[in-house]
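Construct the entire structure; sequences and hints are all you get.
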Amino acid sequence: MRNALGLMLASVVAAVVIAAGGWFYYSARADQGAPKTVAARAADRLPAQAKLVAKDDVETTATIAAKPTAAAPAPAPAPVMPMQPKQACANPNALGVSRVVEIDTTGGPGFGFEHFKQFDFLTDKEVVLTFDDGPWPVNTPAVLKALADECTKGLFFSVGKHATYHPEILKQVLAQGHTVGTHTWSHVNLNSKKLTEQQVMDEVEKGFSAVRFALGTNPAPFFRFPQLQHNPAIVSYFGTRNVAMFSTDIDSFDFRKGATPEKIVETVMTRLDKLGKGIILMHDFQKHTGEAMPALLARLKAGGYKVVQMKAKATLQTLPEYDDALMKDMKVPTAGTNTRPISSVVQTVSQ
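Residues in the sequence shown are numbered from 345 upward in steps of one, following our numbering.
Bear in mind the hints are in silico, worked out from the structure with no lab data behind them.
Small disclaimer: the values here were computed from a predicted structure and weren't measured.
Incorrect hints may have been included.
What the hints assert, rightly or not - Derived pair list, reagent style DSSO-like, types lysine-lysine, alpha-carbon separation capped at 27 Å: (1) K489 with K601; (2) K621 with K645; (3) K489 with K631; (4) K657 with K621; (5) K505 with K631; (6) K650 with K607; (7) K515 with K675; (8) K645 with K655; (9) K505 with K657; (10) K631 with K621; (11) K650 with K621.
Below, the structure written as structure tokens:
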């Protein structure tokens with residue numbers, strides 16, 4: 345009897361031990377295998393591209409915990425930066441720009457009714473502000489300040505030689521949103537009998553290249569003849585070069601001896617009030633012009649006049665032979681890297 349009970353008790357104990365051992369074995373296996381199996385299955389469901397991205401993320405961050413104890417919360421989405429609005433004019437009563445017109449210069453159109461009668465694009469009380477002969481220290485910055493104070497824009501015809509003297513000023517003209525055209529290399533009368541045909545061509549093309557050099561980019565294909573002397577051969581040539589030519593409607597005569605800021609303003613406004621609109625010719629090379637600009641802009645605004653800005657549909661393409669000749673004349677090194685834009689050479693990394 346005792347032997348039978350002992351045998352039965354031993355059998356029960358053995359069964360319990362076997363069951364506990366089996367449970368411990370399979371539990372341990374599950375702890376080791378389950379994460380790997382789940383991870384593998386999840387990875388199998390990802391497309392190949394998603395797998396590559398996941399790998400790149402790990403290698404980039406290198407902050408994967410050895411054994412996370414809980415699921416990491418999803419990262420907060422990066423804040424969406426609002427688009428920066430266009431900088432508003434600081435002057436609420438500024439003259440401003442009423443409209444911007446884009447000029448297709450194909451075929452060399454002409455503007456300014458003193459010489460060209462074809463394109464009457466201005467409406468009543470509209471003006472275009474144009475400036476010749478710069479850039480020049482003090483005078484050009486004075487004009488720029490007056491325009492900036494009224495949040496308005498002009499069209500500048502730069503003399504090539506002056507552009508090479510003061511490229512930093514011409515760059516400022518462009519940076520402030522004005523249109524930059526050209527006005528020959530040295531401001532000679534292109535109808536002068538002292539000039540050969542080749543010299544006339546050189547004056548024009550070297551002026552193009554000089555302004556491009558000063559700006560670091562192509563200028564507008566806009567040109568004004570010095571002294572408004574239109575050389576017939578160059579007029580025809582501009583048709584093939586797709587360069588627009590500019591005369592004027594209203595001459596400020598700010599270059600004349602005895603000109604004062606007051607006389608400049610009265611000359612412009614008297615003529616403008618008679619015509620009702622027009623392209624105004626001034627010179628940012630002249631000291632009195634810069635001094636007259638605040639009063640002139642105030643008179644335009646008080647008279648209900650509006651400024652139209654002229655821009656070109658395409659830029660002027662200079663001729664390589666003149667670009668090269670200019671570099672040689674100026675003794676500028678012509679290494680290949682000189683053609684790189686300044687932003688690719690000099691970058692601010694700390695400020």
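Hint check results:
1. K489 with K601: 25 Å, holds
2. K621 with K645: 13 Å, holds
3. K489 with K631: Given pair K489, K631 holds - Cα atoms ~14 Å apart, limit 27 Å.
4. K657 with K621: 23 Å, holds
5. K505 with K631: Holds: K505 and K631 sit about 19 Å apart, inside 27 Å.
6. K650 with K607: This hinted pair holds, its Cα atoms lying about 22 Å apart.
7. K515 with K675: 21 Å, holds
8. K645 with K655: 22 Å, holds
9. K505 with K657: 26 Å, holds
10. K631 with K621: 25 Å, holds
11. K650 with K621: Given pair K650, K621 holds - Cα atoms ~9 Å apart, limit 27 Å.
In summary, the structure agrees with every hint in the numbered list given earlier.
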